[in-house]
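Trainee: Sequence:
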Amino acid sequence: MSMCLCHPAKEFSVVLDVIITINQSVMMFCNRLNKTTLINAVKRTCGLPCALTLSNLSPLHFSTDTLSKVEQMVGNSDMHITRVLFCGPYFPASHQYTKEYLQKYPFIQVDDVPLAVVPDVISNYNICIVKNMRLTSNIISRATQMKLIMQFGVGLEGVDIDAATKYGIKVARIPGDVTGNAASCAEMTIYLMLGLLRKQNEMQISIKQKRLGVPVGETLLGKTVFIMGFGNIGIDLAKRLRPFGVKIIATKRSWALHSEGSLQSDGFLIENGTNDNLVDEKGSHEDIYKFAGESDIVVCCLSMNKETAGIVNKSFISSMKKGALLVNIARGGLLDYDAVVHHLESGHLGGLGIDVAWTEPFDPDDPILKFNNVIISPHVAGVTEHSYRSMAKVVGDVALQLHSGTPLAGIEIVN
0 MSMCLCHPAK
10 EFSVVLDVII
20 TINQSVMMFC
30 NRLNKTTLIN
40 AVKRTCGLPC
50 ALTLSNLSPL
60 HFSTDTLSKV
70 EQMVGNSDMH
80 ITRVLFCGPY
90 FPASHQYTKE
100 YLQKYPFIQV
110 DDVPLAVVPD
120 VISNYNICIV
130 KNMRLTSNII
140 SRATQMKLIM
150 QFGVGLEGVD
160 IDAATKYGIK
170 VARIPGDVTG
180 NAASCAEMTI
190 YLMLGLLRKQ
200 NEMQISIKQK
210 RLGVPVGETL
220 LGKTVFIMGF
230 GNIGIDLAKR
240 LRPFGVKIIA
250 TKRSWALHSE
260 GSLQSDGFLI
270 ENGTNDNLVD
280 EKGSHEDIYK
290 FAGESDIVVC
300 CLSMNKETAG
310 IVNKSFISSM
320 KKGALLVNIA
330 RGGLLDYDAV
340 VHHLESGHLG
350 GLGIDVAWTE
360 PFDPDDPILK
370 FNNVIISPHV
380 AGVTEHSYRS
390 MAKVVGDVAL
400 QLHSGTPLAG
410 IEIVN
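Each step along the sequence shown adds one to the number in numbering that gives the first Met the number 0, with nothing skipped, and position 110 is 109.
Bear in mind the hints are in silico, worked out from the structure with no lab data behind them. Check each hint, because a few of them may be wrong.
Said to hold, decoys possible - Pairs of lysine-lysine residues, derived as DSSO-like cross-links and limited to a Cα-Cα distance of at most 30 Å, are as follows:
id, residue 1, residue 2
1, 369, 313
2, 207, 369
3, 289, 321
4, 313, 281
5, 222, 320
6, 146, 392
7, 392, 103
8, 320, 305
9, 392, 369
With these hints in hand, go ahead and build the complete structure from the sequences.
Mentor: Dropping the structure here:
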């Protein structure tokens, strides 16, 4: 709605003064606009033509002090805004929920940009949420204002941490045990296990064919489950598997930090008096082949790194029981694709349930999907309302902490 004013230029000065004297939050909002956008908006409100310039109006209609304040407020906007970059369009709830959490703080700017654009704009941001972007040394070298690179979750295998350290940038993950991410992944693991045991794909065929009483499925009851990588997800999975009446065996890099009534989970101490009863047999990396041969279901919960890439290979799958099930809830690169396909074709592998794939997004025409005993989900194990709202809060709080110069909390810095 336009304003009909007798002295529009004079009113222009008044409106500018109001903008300058208004509370800090609105000033921060104005700072997010460029100079031209801000001034033209005020001109339109006052009924002035946009062709008029501040330099032409200032001597006649408002004080030099007012003009200098506007110039300073708009020109120094970079000093007032903390910018958060989300890389790429995937996992959209991550940036959507973070924006919602920070909507009351206009001095925090949250953007999501296409993966191809990230190298060109990363220099404008203070925090980078990497998601499934690969941040190479070259890209990190362009991040001249970057203070923190973090994952919306746990996995940091796509970040060149050494390069970030070289350029003075902190790298961090969000601990899964405090946000519900690990619990969400554990529940998804059980979903995949039950889907394979009860032959989910074959049930859909029976429905289409109007058949009843087929297929004949299996129960979790009495099965031996091998949890390979007993971190936060492994712990939450074991807790949820116990009521099903299974035997749980697990491997971990080190069990040395166990103590009465507590369990060390890859860097996080979990206080719970029942944790010592979660695992029936404990092993180390050297035991993975032995445990694979004893298990009805193998669940891969390992972190992805140079040592674990392709660890579930032909030799490993060959050591599994004939007909055993394989579930991967961690990272697609842990499994050797050719080895998995070979053992599905031979019938040695009884079923495959994966939430992560070798290439993502997964090719819907991939030959591996021709098998009825394969269930795949689109990397959604940790994508639940509870975990994503919790992680969005962590990201938002970290942005506020960085903006105010207070210590960063709620994250695990790895460098």
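Trainee: What are the numbers of the hints that this structure violates, sorted from low to high?
Mentor: Structure breaks hint 9 only.
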